[in-house]
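Undergrad: Next come the chains, spelled out residue by residue.
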Amino acid sequence: MSLAVSRAPSFARFRPNLRWLPRALCLGLLAFVIFGPLANLLLWAFAERWYYPHILPLQYGFEFWGRVFEPRGGALTSLSNSIVIALLAVAGSLALAVPAAYSLARLKLPLRSLILIAFLIPQAFPEMPVYVNIARLFYGIGLNGTILGVVLVHVTHGLVYAIWIATAAFAAVDEELEQAARSIGAGPLRAFFDVTLPLAMPGIIASGIFVFLESLDEFTGSYFVGAPDVTTLPLLLYTAGAGGNYQTASITALLLLVPSILFMLVVERFLRADVLAKVGR
Amino acid sequence: MRERLVGLGLVLPALLTILLLFVYPLTTSVTGAFETEAGAGLGNFAKVWELYATDILYTLAIVSLSTVLIALFSIIIGGYLTLGENPRAVAILRWLYRWPLFIPFIVVGQIMRTFLAKNGLMNNLLVAAGLLTPLQTTSFLDWRGIVIAFVWKQTPFVALLVAGAMAALDRGTIEAARNLGASRLRILVEIVVPQVRGTLLVGMILSFVTMMSVLSVPLMISAQTPTMITADMAFRINAYGDYGVADALGLISLAMTFAVAFAYLRQSVRERSR
Amino acid sequence: MKTLLLAGLMAGALALPASAAQLTVVTAGDTNMVDYINQYLGPLFEKQNPGDTVRAVGTGPGDAGSQKILERFEAQSGNEKWDTDVAVVHEKFVGPMVEKGFLKKYRSDISTGKLVTSDKAKMALGTNVDGYVMPMFSSQTAIAYNPDLVKNPPKSYSEIADWAKAHPKEFGYNGIKGGASGVSFVMGWIYAFGDGDAKQLMNGPFEESQTKKWDAALQKLKDFNQVATLTPGNAGTLDMLSRGEIAMGPVWVDMFYSWQADGKLPPNFKLVLPAPGMPGQPMHYVIPKGAPNPQLAEKFVELATSPKVQAEGIVKRFNWYPGIDAKYVKPELDQATWDKLFKDVTPEDLAKYAKPFPIAPYNNAILEAYEKNVAN
Chain A
5 MSLAVSRAPS
15 FARFRPNLRW
25 LPRALCLGLL
35 AFVIFGPLAN
45 LLLWAFAERW
55 YYPHILPLQY
65 GFEFWGRVFE
75 PRGGALTSLS
85 NSIVIALLAV
95 AGSLALAVPA
105 AYSLARLKLP
115 LRSLILIAFL
125 IPQAFPEMPV
135 YVNIARLFYG
145 IGLNGTILGV
155 VLVHVTHGLV
165 YAIWIATAAF
175 AAVDEELEQA
185 ARSIGAGPLR
195 AFFDVTLPLA
205 MPGIIASGIF
215 VFLESLDEFT
225 GSYFVGAPDV
235 TTLPLLLYTA
245 GAGGNYQTAS
255 ITALLLLVPS
265 ILFMLVVERF
275 LRADVLAKVG
285 R
Chain B
100 MRERLVGLGL
110 VLPALLTILL
120 LFVYPLTTSV
130 TGAFETEAGA
140 GLGNFAKVWE
150 LYATDILYTL
160 AIVSLSTVLI
170 ALFSIIIGGY
180 LTLGENPRAV
190 AILRWLYRWP
200 LFIPFIVVGQ
210 IMRTFLAKNG
220 LMNNLLVAAG
230 LLTPLQTTSF
240 LDWRGIVIAF
250 VWKQTPFVAL
260 LVAGAMAALD
270 RGTIEAARNL
280 GASRLRILVE
290 IVVPQVRGTL
300 LVGMILSFVT
310 MMSVLSVPLM
320 ISAQTPTMIT
330 ADMAFRINAY
340 GDYGVADALG
350 LISLAMTFAV
360 AFAYLRQSVR
370 ERSR
Chain C
6 MKTLLLAGLM
16 AGALALPASA
26 AQLTVVTAGD
36 TNMVDYINQY
46 LGPLFEKQNP
56 GDTVRAVGTG
66 PGDAGSQKIL
76 ERFEAQSGNE
86 KWDTDVAVVH
96 EKFVGPMVEK
106 GFLKKYRSDI
116 STGKLVTSDK
126 AKMALGTNVD
136 GYVMPMFSSQ
146 TAIAYNPDLV
156 KNPPKSYSEI
166 ADWAKAHPKE
176 FGYNGIKGGA
186 SGVSFVMGWI
196 YAFGDGDAKQ
206 LMNGPFEESQ
216 TKKWDAALQK
226 LKDFNQVATL
236 TPGNAGTLDM
246 LSRGEIAMGP
256 VWVDMFYSWQ
266 ADGKLPPNFK
276 LVLPAPGMPG
286 QPMHYVIPKG
296 APNPQLAEKF
306 VELATSPKVQ
316 AEGIVKRFNW
326 YPGIDAKYVK
336 PELDQATWDK
346 LFKDVTPEDL
356 AKYAKPFPIA
366 PYNNAILEAY
376 EKNVAN
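Protein chains in written order, with the numbering used here: chain A, 5 to 285; chain B, 100 to 373; chain C, 6 to 381.
Treat the hints as calculated values from the structure; they're not laboratory data. Treat the hints with care, as some may be off.
Claimed, not checked - Listed below are the simulated DSSO-like cross-link pairs for lysine-lysine, each with C-alpha atoms no more than 30 angstroms apart in a straight line: (1) B:217 - C:345; (2) C:218 - C:125; (3) C:225 - B:217; (4) C:127 - C:345; (5) C:377 - B:146.
Claimed, not checked - FRET-style restraints, in silico, Cβ to Cβ: (6) B:224 - A:271: 33 to 39 angstroms; (7) A:270 - C:153: 35 to 41 angstroms; (8) C:86 - A:65: 40 to 46 angstroms; (9) C:127 - A:37: 53 to 59 angstroms; (10) B:224 - A:30: 14 to 20 angstroms; (11) C:341 - B:149: 50 to 56 angstroms; (12) A:271 - B:148: 29 to 35 angstroms; (13) C:211 - B:148: 23 to 29 angstroms; (14) C:218 - B:149: 42 to 48 angstroms; (15) A:271 - C:347: 57 to 63 angstroms; (16) A:262 - C:348: 39 to 45 angstroms.
Using N, Cα and C, we set each Cβ at its ideal position, and we do this for glycine too.
Next up, chain A with everything else stripped away, as it sits in the complex (with noise of 0.2 angstroms):
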């Protein structure tokens, strides 16, 4: 006893001042990783002449953002359109894959594995061959040019994040609690709703940011199915990206990064205060 604390105060003078060094090493280190190409992706987005042996621009300007902008490439629309998109995407694919998710999850269900594995055919196959029979299909049913042909398309390569997350989110739910509330008298509906779902929300929203942004980054299937009538912004996105424009690509990522996190912050703020009311009671 007294000597740890005889000890105590001789170390007590250094240990504060070094303890955070590593931390702090550690979080400098990973700021750089992430933000670095990230300066790299500003540093584009504003300049106007860059080459080399210059490390950062020589001139900075707007003039890429007026050609982004200007009034008939229809960036805005373009913009509205992704956002609405996304948004019905995420509403679809949810619809769709919370029932799917409790029944694999729960419920005994034959070909368990083989339904699992059926939904990662959409991104396990690169889109590249298919895609030309996929629009072919919409053309011959009349949904290529609609909003709602583009949804579908996102919706089916959407699922496969909404059903393995939510299978997952729903498998980690103690399954005595819902006995629990079986055992009281609450219907399976009542049950499902009252305590499974408010559970595994965490992971339910997680799958939902998760298909919000792959909608938004969605190229292929909005340009066959989509353009000339509806346009996205990943259709501008990819052209500029692929062709080496990294002025106009930059800037459109970024447009593309105020729904993404406002979606996520909207999202968060929504789950925390709804989980936090109903775990208190």
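Please arrange chains B and C on chain A, whose structure you already have, making use of the hints.
TA: Showing chains B and C alone in chain A's frame:
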């Protein structure tokens, strides 16, 4: 029996969507893989073996390495968010790690290309800071660049899932272990990770699947030999109009993903029945 | 309230607006191809045809962009009315489009049809496309170099090979994947070092025996790849040039000038066209057979290929080589602008060293031979 019907009924809308809107158009691609100019056969696969065998292994290696690194970093980030004791550092980390999530893959390709190049932003900054001389700068624009781009973009995805799962854990077991004097690393490895293993594996599989089908990153960072299967597929279609070989490559990609997913699912089924 | 809003949103989203006298132009190539229509050609057309509007969709650069247009036509081939009026595609894809019956024959219907007499409007990589195309501009590849690092630029392929050996890793090209500038370089290599007759490769006929005559050239190329840097693509080569990581590399002339105009390439970089030549290709205006507004589409192409627009738009705005015959475009420009076109590559150089790509069967054979022998 009734439970099974109800279960199937709940799954059916989602399953039908996938089957009608993707699998049905896909069947043409699947049959196309077995059609050659000489009629039905394995000619396309023979060509794939002849020209792209290295690329297939290369793809598998890159995606697997990236998945393992992503899992590792996600555990570290999730672990610190759950077990970290300095509230300011935890808050900074929580704000910091998510940014790459919002950047589309094609933009990741672009910014990594200009960041990791021999005279790119990273090397220029290091040279300006005096940590490197211009002669020592190397370009990372090969398989390392692809791995870096994948890990950079996908880690926040898995970390978000893993951190969420860790946060939902019962703190009781963690507190008990702390009271017994276990180090935080030990708690992470022996108590926290085993409990979030399901979520972690789901994140890893989804990342694996996503990375297998990305075209923009290998195309922008390193389209040379060896390269990823998607770049070869794009080349076959755009340069030769050869859908047969492209479909064959797609089937191989599908098979690789299925193998990985199947292994995971069998593992999880074994666990459930225990 | 929220449900009403949502229902209204969905109803509005699902009821798509009908397209009225609206011309849809789908173009491959960089964003500047879309900008060209949105900022210059579209407004001009709309002023001349009040009440009609023009909208443009870009499909991306390179072969991938044109392939997407071909696939688009493929997907709607079963329908009577398609969704595209005019498409702008690379030469390589016009042949397949004609063979599959996707295009309308229109060149004889428009007044500017007779303003292009060269072969490039009649043949595309060995397929007869006469009447189906009007060239928008002629794209040519050349070797771009940094005059600070390269004091005496090589003037022929042999000199390039020697220079690359003397300066390892300073020559960069993208192989055959990722961009057509590298493909063009490889084709020019075969023209220069192949044992067969380059003219037969360009004009046909296709003989299987000719494909055996490239072994020595391909081996030489394999050795060359050891001392050259391989870049990710067209933009990749320009990228590395702008960062000073390579000193020389093949580029598309139009892309080169666009990058300089956008401030991504130093203004002092130059071009050289090496002997015996490098291939170039035009980009063509085509009208799909299911175009919803075929008459309007023809008027649009007629405007786009008129001498005034070719002068103002193609030459002055972009510094690109015109699609119609040069002698019709030259009177519309002042001498200074005209000379700027030929700043680095003179008309004599072009006459001698601008070549077409090999016809399609040789084209594919060379690419496959490269994949098998050089890349593996």
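Undergrad: All hints are to be evaluated individually against the structure, with a verdict given for each.
TA: Here is what the structure says about each hint:
no. : hint                              : result
1   : B:217 - C:345                     : violated, 33 angstroms
2   : C:218 - C:125                     : holds, 27 angstroms
3   : C:225 - B:217                     : holds, 27 angstroms
4   : C:127 - C:345                     : holds, 29 angstroms
5   : C:377 - B:146                     : holds, 10 angstroms
6   : B:224 - A:271: 33 to 39 angstroms : holds, 35 angstroms
7   : A:270 - C:153: 35 to 41 angstroms : violated, 53 angstroms
8   : C:86 - A:65: 40 to 46 angstroms   : holds, 44 angstroms
9   : C:127 - A:37: 53 to 59 angstroms  : holds, 56 angstroms
10  : B:224 - A:30: 14 to 20 angstroms  : holds, 19 angstroms
11  : C:341 - B:149: 50 to 56 angstroms : holds, 55 angstroms
12  : A:271 - B:148: 29 to 35 angstroms : violated, 47 angstroms
13  : C:211 - B:148: 23 to 29 angstroms : holds, 27 angstroms
14  : C:218 - B:149: 42 to 48 angstroms : violated, 22 angstroms
15  : A:271 - C:347: 57 to 63 angstroms : holds, 58 angstroms
16  : A:262 - C:348: 39 to 45 angstroms : holds, 42 angstroms
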